[in-house]
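S.K.: Each chain, written out:
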Amino acid sequence: MRKLILLSIFSITICCIIISCQNAQEVEQAKYRSGGKDLYLKYCQNCHSANGEGLGELYPSLTDSVFMKENKAQLACIIKNGLTKPIVIDGKRYEGKMPGFQKLENIDVAKIIVYITNSFGHQQGMYKFEQVAKDLENCK
Amino acid sequence: MIKFKNTIGLATLFILGIGLFACNNNKKLPIYGQREAKITKDAEGNEKVDTVYQTIPNFKFLNQDSTYITQDTFKGKIYVADFFFTSCTTICPTMHRHLKSVYEQFKDNPEVMFLSHTIDFKYDKPSVLFKYAKNLGVDTKKWQFVYGPKEEIYNLAEKSYLTVVGEDKTAPDGYMHQGWLVLIDKEKKMRGAYDGTKEEQVELLKKDMATLLAEEK
Chain A
1 MRKLILLSIF SITICCIIIS CQNAQEVEQA KYRSGGKDLY LKYCQNCHSA
51 NGEGLGELYP SLTDSVFMKE NKAQLACIIK NGLTKPIVID GKRYEGKMPG
101 FQKLENIDVA KIIVYITNSF GHQQGMYKFE QVAKDLENCK
Chain B
1001 MIKFKNTIGL ATLFILGIGL FACNNNKKLP IYGQREAKIT KDAEGNEKVD
1051 TVYQTIPNFK FLNQDSTYIT QDTFKGKIYV ADFFFTSCTT ICPTMHRHLK
1101 SVYEQFKDNP EVMFLSHTID FKYDKPSVLF KYAKNLGVDT KKWQFVYGPK
1151 EEIYNLAEKS YLTVVGEDKT APDGYMHQGW LVLIDKEKKM RGAYDGTKEE
1201 QVELLKKDMA TLLAEEK
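Protein sequence lines, in the order shown, are assigned to chains A and B.
Residues 1 to 140, numbered by this note's numbering, are exactly what the first sequence covers, in order.
Residues 1001 to 1217, numbered by this note's numbering, are exactly what the second sequence covers, in order.
If you're looking for bench data, these hints aren't it; they were derived computationally from the structure.
Glycine is no exception: its CB is placed at the ideal position from the N, C-alpha and C atoms.
Among the clues, some could well be false.
As the list claims (entries may be wrong) - Residues on chain B that point at chain A, a partial pick, calculated with CB under 7 angstroms:
| hint | residue |
| --- | --- |
| 1 | T1089 |
| 2 | P1093 |
| 3 | T1094 |
| 4 | R1097 |
| 5 | N1135 |
| 6 | L1136 |
| 7 | G1137 |
Said to hold, decoys possible - Calculated pairs, DSS-like style, for lysine-lysine (alpha carbon to alpha carbon, straight line, at most 25 angstroms):
| hint | chain 1 | residue 1 | chain 2 | residue 2 |
| --- | --- | --- | --- | --- |
| 8 | B | K1142 | A | K92 |
| 9 | A | K85 | B | K1131 |
| 10 | B | K1169 | A | K97 |
| 11 | A | K42 | B | K1169 |
| 12 | A | K92 | B | K1107 |
| 13 | A | K85 | B | K1125 |
| 14 | B | K1141 | A | K92 |
| 15 | B | K1100 | A | K97 |
| 16 | A | K92 | B | K1100 |
| 17 | B | K1198 | A | K42 |
| 18 | A | K97 | B | K1131 |
| 19 | A | K103 | B | K1169 |
| 20 | A | K42 | B | K1100 |
| 21 | B | K1122 | A | K97 |
| 22 | A | K92 | B | K1131 |
Generate the whole structure from the sequences, applying the supplied hints.
M.R.: Right, dumping it as structure tokens:
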């Protein structure tokens, strides 16, 4: 009987730890996302619009889930260095240039990425700022 | 007794409502710009005072198809004018996203047109404007994009459309300008100016355009 009580206390403690860890992660992601929203408004929204729809064939939409998943490792490069090559998204071809935002810190780039990959219908989870430096080394 | 009071209350409300509705129907937009009094004499020698309003002077600019357009293009139409440039990353995309929603609402109305002037006289040649219009996805018969000499465009912006534009080396893209969407009536008078970066102002523009169209019928 004592064993059983000890075991159940132990498992409850473990469960609590796991749950609170998950919560901490969620809280961190929510922090990134809300910071990212402000940065998006400042740096991205003029062209890509508040709901990520872009504008005609001038500025691409950010709503294509497949593109966002396949190019997630390139997002940091695009935000920081801009884009000069034509790009096809959702069957539309965009030839305009996107300016780079060199002065953004890695943490801000990460926040923007968390925001755009968890808005407009996407749910791609966390993207930590340490990842930005790694991704920037592999820019295409 | 209470019921009777209620009926009176309701009736009053109803009448007030009708009154307000009627007022709205007769609504006229203000006329902007400077005005002068012009005194004329009729055949019998009686003096008459007419108000002369400021109007948009005639212009001649190259459009996106590299053909010259003048005010004749806008004859018998009301139009919305603005100033922008194609490489602008600040307010222009928002302005044109909003203006495009106005365009969508009125695109089947033959009495409505749109006129965007570029202030980037170095880069925005007609071919650039053509591409921009195509990518924006609008019919250039309805929404014209024009290019002109710096002096003429800047003068027209400031003196006639009351919009401040200019070169500015400290601005992110090299130019500064205000994001007004300016409503012009069939007599070339300025009837409204709306901040093209604000959604509620753009909604007001749509309403005012309907009012102006009704007024001119």
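S.K.: Work down the list of hints and note, for each, if the structure agrees.
M.R.: Hints, one by one, checked against the model:
1. The interface hint given for T1089(B) holds, since its Cβ lies 6 angstroms from the closest Cβ of chain A, which is under the 7 angstroms cut-off.
2. Interface hint at P1093(B): satisfied, since its Cβ lies 5 angstroms from the closest Cβ of chain A, which is below the 7 angstroms cut-off.
3. For T1094(B), the shortest C-beta to C-beta distance to chain A is roughly 5 angstroms, which falls under 7 angstroms, so the interface hint holds.
4. Given hint, R1097(B) at the interface with chain A, holds; its Cβ is 5 angstroms from that chain's nearest Cβ, closer than 7 angstroms.
5. With a cut of 7 angstroms, the hint placing N1135(B) at the interface with chain A holds, because the nearest CB-to-CB distance is about 4 angstroms.
6. Annotation: L1136(B) was flagged as interfacial toward chain A, and the flag holds, the nearest CB pair being 5 angstroms apart, inside 7 angstroms.
7. Hint on G1137(B) holds. Least Cβ distance to chain A is approximately 4 angstroms, under the 7 angstroms limit.
8. A C-alpha spacing of about 24 angstroms is found between K1142(B) and K92(A), which places the hinted pair at or below 25 angstroms, so the restraint holds.
9. Restraint check: the Cα-Cα separation between K85(A) and K1131(B) comes to about 17 angstroms, which is no more than 25 angstroms; the hinted pair holds.
10. For the hint linking K1169(B) to K97(A), the alpha-carbon distance of about 20 angstroms falls within 25 angstroms, and the restraint holds.
11. For the given pair, K42(A) sits about 21 angstroms from K1169(B) by alpha-carbon distance, which is consistent with the 25 angstroms threshold.
12. Under the criterion of a C-alpha separation no larger than 25 angstroms, the hint pairing K92(A) with K1107(B) is consistent with the structure, at around 23 angstroms.
13. Of the pairs offered as hints, the one joining K85(A) and K1125(B) holds, with about 22 angstroms between alpha carbons and a cut-off of 25 angstroms not exceeded.
14. Only pairs whose Cα atoms come within 25 angstroms are accepted, and K1141(B) paired with K92(A) is accepted, the gap being roughly 24 angstroms.
15. Among the hinted pairs, K1100(B) with K97(A) is consistent with the structure: their alpha-carbon atoms are about 21 angstroms apart, no more than 25 angstroms.
16. About 19 angstroms separates the Cα atoms of K92(A) and K1100(B), which keeps this hinted pair within 25 angstroms; it holds.
17. For a cut-off of 25 angstroms, the pair hint linking K1198(B) to K42(A) stands: about 15 angstroms separates their Cα positions.
18. Restraint check for K97(A) and K1131(B): satisfied, since their Cα atoms lie roughly 14 angstroms apart, inside the 25 angstroms limit.
19. Of the supplied pair hints, the one linking K103(A) and K1169(B) holds, its CA atoms being roughly 19 angstroms apart against a limit of 25 angstroms.
20. The suggested pairing of K42(A) with K1100(B) holds, with an alpha-carbon distance near 22 angstroms, which does not exceed 25 angstroms.
21. The straight-line distance between the Cα atoms of K1122(B) and K97(A) is roughly 18 angstroms, inside the 25 angstroms bound, and the hint therefore holds.
22. Of the supplied pair hints, the one linking K92(A) and K1131(B) holds, its CA atoms being roughly 15 angstroms apart against a limit of 25 angstroms.
Violated hints for the displayed structure: none, as all numbered hints are satisfied.
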